[in-house]
Amino acid sequence: MRAFFDLWYPRLVRYLCARVGDRDQAEDLAQEAFVRLVRHRPREPRSWLFTVAENLARDEARLARGRSRHLQVIGAERRDELDPGPEPDLVAREDAERVRRALAGLPERDRSLLLLHHAGFRYGEIAREVGVAPGSVGSLLTRAQRRFLETYLEIHEREHPEARRAVP
Amino acid sequence: MPSPEPASPARDAARHPGPESLRAYLDRELGWWARLRCARHLRGCPWCRERLAAEAELEHHASALLADPALEVDPLEGWRRLETLAGPAVRLRPLAPLGSPARLAAAGLGVAVIAVTAVLLLRGTTGPGGQAGADARLQDICCWDLDGGGPGDDGVVTVTLPGQQVLGLTVYEDRNGNGALSGEDPIRFASAPVERPHAESAPAAHASATIVRDVCCSDYDRGGPPDDGLVTVSAGGKVLKVLLYEDADGSRTFSSGDPMRWASGTEAK
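Residue numbers (our numbering), protein chains in the order written: chain A, 1 to 168; chain B, 1001 to 1269.
Treat the hints with care, since some could be wrong.
Away from chain A, derived, C-beta distances all over 10 Å, residues of chain B [claimed, not checked]:
#1 Arg1015
#2 Ser1021
#3 Pro1046
#4 Arg1049
#5 Ile1187
Covered by chain B, according to a simulated footprint, are these stretches of chain A (three or more residues, beta-carbon under 8 Å) [claimed, not checked]:
#6 10–20
#7 33–40
#8 118–129
#9 145–155
Source of the hints: derived by calculation from the structure; they are not laboratory data. We put the beta carbon where it would ideally sit given N, CA and C, even for glycine.
Whole structure, please, built from the sequences with the hints as guidance.
Below is the structure:
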């Protein structure tokens, strides 16, 4: 279990972070998924873990949308009172936010393909998770990566019109 | 983007690897033989090398964006937190369920085969002076991805004599993720008990016995110096299993420090 945890916990946190855009929340969700894994002891722990984590992230996003509507009202009332202060890692955070938005702009299947591949899943596992033929994973992945880069660059261009577009 | 496909007869174009194969080559998803063929083609085809480079560039850019350098995750901290949340049982309980009695019996049989193999090997390694070869040892080397079904879940148990060749081996799937062969791990392959395969022993007397040979070293992967070894298991003149490994520790035999590269019959589908 320990070896499995050491290998998959960091990947799961990164996977969830790309999904929810918040590191602390990603770690909380990953912990919750692992606690459930220990209790259920599924036959295929890797796939099970990522599926559960994905569902947790989805539930959390639903709750967050509700919270966000509530906070917008409070935020509008308090905006004038708060001093935003300096943001030393603003550029990195903006970039991470662009990546998150580019991912959010992709079709669900492309997003899953990208993130599972990035987490180290093999073609066979990705095919099972996403529901496609194993033989088609390679070309779908290429297409998903291309769409992801294009979406990212479009967002970047909108924010920085002076930047030149260079899709590889 | 790669330049347009060079004008060539249709039969030449058909020989180029398709986009699927090229992408699978990049992601190391091709089987050993297909990979070798693809590598050979790439050596002689600048157009396909260009296509591969374009795929690699795409992969590089996408990975770079997805890899947040600020997101270094410390598994130790996470593990401590998990212990608090799930209790100390997290260390003791196997990850996979124990399964049906039939599965347990099958797994138990696999473990028993290994034990019997080891005992027979120890008998079979009796030296000229009649002293048992007590140096024979079991090694459990885990984990690699031998079946293309996921990273690091296949293990190999070998029976070896120090400084000599592998005498017997068992391939298993580390289903419970504990990094070692245990009761519920399915056995994928087990060589039959063997007798010490001395070249001088009479081959006729052991025509049906399982022979395990460890031949090192050649440059099978064309990756540099001759540091690749082959372990073959055969019986009755028929090869049952082949394992390709990299002799990383330079011992000229398969040992625990050597990464496994490929195993026959467990290739990715």
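Going down the list of hints, with the structure as the test:
1. Listed as a non-interface residue, arginine 1015 (chain B) keeps its Cβ farther than 10 Å from every Cβ of chain A; the least gap is roughly 19 Å.
2. For serine 1021 (chain B), the non-interface assignment is contradicted: its Cβ lies about 8 Å from the closest Cβ of chain A, within the 10 Å cut-off.
3. Against chain A, the non-interface label of proline 1046 (chain B) holds: every CB pair exceeds 10 Å, the least being about 19 Å.
4. Against chain A, the non-interface label of arginine 1049 (chain B) holds: every CB pair exceeds 10 Å, the least being about 16 Å.
5. No Cβ of chain A approaches the Cβ of isoleucine 1187 (chain B) within 10 Å, the least distance being about 16 Å, so the stated non-interface status holds.
6. Counting residues of the stretch 10–20 of chain A whose CB falls under 8 Å from any CB of chain B gives 5; the rule of at least 3 is met.
7. With 5 residues having a beta carbon nearer than 8 Å to a beta carbon of chain B, the stretch 33–40 of chain A meets the requirement of three or more and the stated coverage holds.
8. With 7 residues bearing a CB less than 8 Å from a CB of chain B, the stretch 118–129 of chain A meets the requirement of three and the coverage assertion stands.
9. Remark: the stretch 145–155 of chain A is confirmed as covered by chain B, as 5 of its residues place a Cβ nearer than 8 Å to a Cβ of that chain, reaching the required three.
Of the numbered hints given earlier, the model fails hint 2 alone.
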